[in-house]
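Visitor: So the sequence shown is numbered by this note's numbering: it starts at -16 and just counts up by one.
Don't take every hint at face value.
[What the hints assert, rightly or not] Distance ranges between label pairs, derived from CB positions:
hint	residue 1	residue 2	range
1	M21	W(-11)	29 to 39 angstroms
2	G15	G(-8)	16 to 26 angstroms
3	E9	W(-11)	29 to 39 angstroms
4	H13	G(-8)	16 to 26 angstroms
5	F(-12)	L12	14 to 24 angstroms
6	G(-8)	G14	23 to 33 angstroms
7	A25	E(-2)	23 to 33 angstroms
8	E(-6)	G26	11 to 21 angstroms
9	A25	G(-7)	24 to 34 angstroms
10	G(-7)	H13	25 to 35 angstroms
11	L(-14)	V6	16 to 26 angstroms
12	E(-2)	A18	14 to 24 angstroms
Just so you know, the hints here were simulated from the structure itself, not pulled from any lab data. In this text, a Cβ means the ideal position worked out from N, Cα and C, and glycines have one as well.
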Amino acid sequence: MKLEFWEDGGELYAEWEPQPHFVGWENVLHGGIQATLMEELAGLII
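With the hints as extra help, turn the sequences into a complete structure.
Guide: Below you can see the structure in the form of structure tokens.
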């Protein structure tokens, strides 16, 4: 996913713009992609 994280005042941030092929239903992000994003974050903070 190539996420880049940064910290600002004790808060952790990342920005990511999903591509159209990540959408499972109109304007709804596919659940597998949501899980992958959470896994990326979990791997960073553990």
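Visitor: Quick check: does the Cβ-Cβ distance between F(-12) and L12 fall within 14 to 24 angstroms?
Guide: holds (19 angstroms)
Visitor: Given the hint of 23 to 33 angstroms, is the C-beta distance from A25 to E(-2) inside that range or not?
Guide: With a Cβ separation near 18 angstroms, A25 and E(-2) fall outside 23 to 33 angstroms, so the hint is violated.
Visitor: Tell me if the beta carbons of G15 and G(-8) are separated by a distance inside 16 to 26 angstroms.
Guide: violated (32 angstroms)
Visitor: Given a hint of 14 to 24 angstroms, does the C-beta separation of E(-2) and A18 actually sit inside it?
Guide: Distance hint for E(-2), A18 holds at roughly 19 angstroms.
Visitor: Can the suggested window of 16 to 26 angstroms be confirmed for the beta-carbon pair H13 and G(-8)?
Guide: Violated - the Cβ-Cβ distance for H13 and G(-8), about 32 angstroms, lies outside 16 to 26 angstroms.
Visitor: Taking 23 to 33 angstroms as the stated bounds, is the beta-carbon spacing between G(-8) and G14 within them?
Guide: Holds - the Cβ-Cβ distance for G(-8) and G14, about 31 angstroms, lies within 23 to 33 angstroms.
Visitor: Please test the hint of 25 to 35 angstroms on the beta carbon pair from G(-7) and H13.
Guide: holds (31 angstroms)
Visitor: Given the hint of 29 to 39 angstroms, check if E9 and W(-11) actually sit that far apart at their C-beta atoms.
Guide: At roughly 32 angstroms between Cβ atoms, W(-11) and E9 fall inside 29 to 39 angstroms, so the hint holds.
Visitor: Range first: 24 to 34 angstroms. Now tell me if the beta carbons of A25 and G(-7) are that far apart.
Guide: With Cβ atoms ~18 angstroms apart, the hint is violated.
Visitor: If you check the beta carbons of E(-6) and G26, does the distance land in 11 to 21 angstroms?
Guide: holds (18 angstroms)
Visitor: Can the suggested window of 29 to 39 angstroms be confirmed for the beta-carbon pair M21 and W(-11)?
Guide: violated (18 angstroms)
Visitor: Using the beta carbons of L(-14) and V6, state whether their distance is inside 16 to 26 angstroms or not.
Guide: holds (18 angstroms)
Going down the numbered hints, you'll see the structure goes against 1, 2, 4, 7, 9, while the others check out.
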